[in-house]
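Asker: Chain residues, written in single-letter form:
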Amino acid sequence: MKVQYKPKRNLLETIFQVEILQGMALTLRKLFSPAITRQYPQEKPPMYPGFRGQHALVRDSVSKESKCVACMRCATVCPSRCIQIGYDEDETHKRVVNRYTIEVLRCVFCGYCVEVCPVGAITMTELFEYATYDRQTVFFDKEALLDNWDSFILKTGKDATYVNPLMRPRGVLESSLPSAKRLTVPDDWTIEGQYVGTKVKPSTMNLPSTTHAEAENG
Amino acid sequence: MQILTIILQIAILLVIVLLHVAYATYFERKIIGHMQVRMGPMLVGYHGLLQPIADGIKSFFKEDVIPAQADKPLFLFAPVICLVTMLTSLAVIPFAKGWVLADINIGLLFIFAMSSLASYGVILAGWASNSKYTFLGGLRSMAQVISYEIPLGLSLVGVMMLSGSLNLTTIVTSQGNSFSSMYLFPQIIGFFVFFIAMLAETNRVPFDLPEAETELVSGYITEYSGMRYALFFMAEYIGMMVMASIGTICFLGGWNGPFEIPFFPPFWFILKVYGFIFFFIWIRATLPRYRYDQLMELGWKLLIPLALLNILLTGLFKILVH
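Protein chains in written order, with my numbering: chain D, 1 to 218; chain E, 1 to 322.
With the rest of the complex left out, here is chain D:
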């Protein structure tokens, strides 16, 4: 390992304390540079695709109900065990969700539930300012989760086709996804039509395409 020692000061530099003066010059320069902080309550942070905010159950545009089919995958994958699902079976053995709760105070916002859902029923919205003084308000049942979706559409002006890129599991071929998960995500999150799970840096765009294809197949 090469150790980088500070160059020795000569007598003149010691007398005039050059390092202190350099530091003072730096702070004086910064005094006139614009602040980099954000005046938060007045000035909201920009939202990027893949933000993991408040949970919501997507309200289906046709049935006006949740898309959830009670496959229990989200409840199974949830590392903090904060999703509880109850269901009945009708005469054709189709599952009907009668209870879907998320205890947000236990949630770790990993986004696995969103990723694993085969029908794109649960999502994470871009809302994050929902702190309250009681526990009831952040214990979401099915209706509250559907309302979260409505208020998200209303507040952010997004249309009902909003897709959080988290909804698509990364590195899975388009053809092997369930049809409900073949959602369009932003172009800069894909390489050759393949969703990669993070924003693609320009340098990786230029890589030979075989590396990605091999990774998928192998």
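Hints in this document: simulated from the structure, not taken from any laboratory.
From the three backbone atoms N, C-alpha and C, an ideal C-beta is built for every residue, glycine too.
All clues given are correct.
Beta-carbon label-pair distances, calculated as ranges:
{"hint": "1", "chain 1": "D", "residue 1": "L26", "chain 2": "E", "residue 2": "G275", "range": "17 to 25 Å"}
{"hint": "2", "chain 1": "E", "residue 1": "F60", "chain 2": "D", "residue 2": "R9", "range": "44 to 52 Å"}
{"hint": "3", "chain 1": "D", "residue 1": "R9", "chain 2": "E", "residue 2": "T214", "range": "24 to 32 Å"}
{"hint": "4", "chain 1": "E", "residue 1": "L308", "chain 2": "D", "residue 2": "L28", "range": "29 to 37 Å"}
Calculated cross-link-like contacts (lysine-lysine; reagent style DSSO-like; alpha-carbon spacing at most 27 Å):
{"hint": "5", "chain 1": "D", "residue 1": "K158", "chain 2": "D", "residue 2": "K181"}
{"hint": "6", "chain 1": "D", "residue 1": "K142", "chain 2": "D", "residue 2": "K158"}
{"hint": "7", "chain 1": "D", "residue 1": "K30", "chain 2": "D", "residue 2": "K44"}
{"hint": "8", "chain 1": "D", "residue 1": "K6", "chain 2": "E", "residue 2": "K301"}
{"hint": "9", "chain 1": "D", "residue 1": "K8", "chain 2": "E", "residue 2": "K301"}
{"hint": "10", "chain 1": "D", "residue 1": "K67", "chain 2": "D", "residue 2": "K142"}
With the hints as your guide, set chain E onto chain D.
Answerer: Coordinates of chain E only, in the frame set by chain D:
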């Protein structure tokens, strides 16, 4: 009648100085904020302009907690010592020609006495709180004041020799009113020593060991709350102003400026004092705290010899000129 006018003058001076103190905190927070590439207070009033007033009201209505183990009379009295001594030093400072409450002939000595006395407030606060952090803060303050009172006094001996007086008004008038006749130039070593000793005397960064918040919670004011905490705060800022005024009077030519400002003679004085205070803040935003032994070493091994050398040079110069 004369007493009434003096009381009125004192009241006006106190109100003005305390307002300046309040806004000095705002000044400091804003400048440090911008130097750290953030905004500083922004919410109370336009760009946080009413922040000092909000702070004042808040600390006035806060609960005044007295620890059960504290030495109660001393605990209550310590901040008063700090503030009163600092406010008393204001009496001898000439803000402009004739704008001085008490034009006494030992002005400089009086200020030294008062600023040393203020450290008793700090030490007693540290002792009376009966807590290890405050006690360590008080001890450090004691050692620091003893070490830095000497170079501070010695650095101004050169000024006394040149002007031949301890009266602050005489010191200013003997400097004349041209730029080149300021004592800053013949007394450049004295100014250097004075500036560093001044930082230490007012317990400012990089010599803020008595309240080193990274080691001692908040040093000697750890156990204080509410208005008593604010009294220490005010004392610190008035101390800054007094020391900046002394620097202005002794080295920068006091109220003299490039041209006279009609109706408001203290203009240049105030400008220079704020220049000093800006320097205080600038240094605070830049430098880390000295280690305790480095602080002692700097005081005893560098500043005192430098100050003595300065006295010697000034004396030789005087002998050679006459």
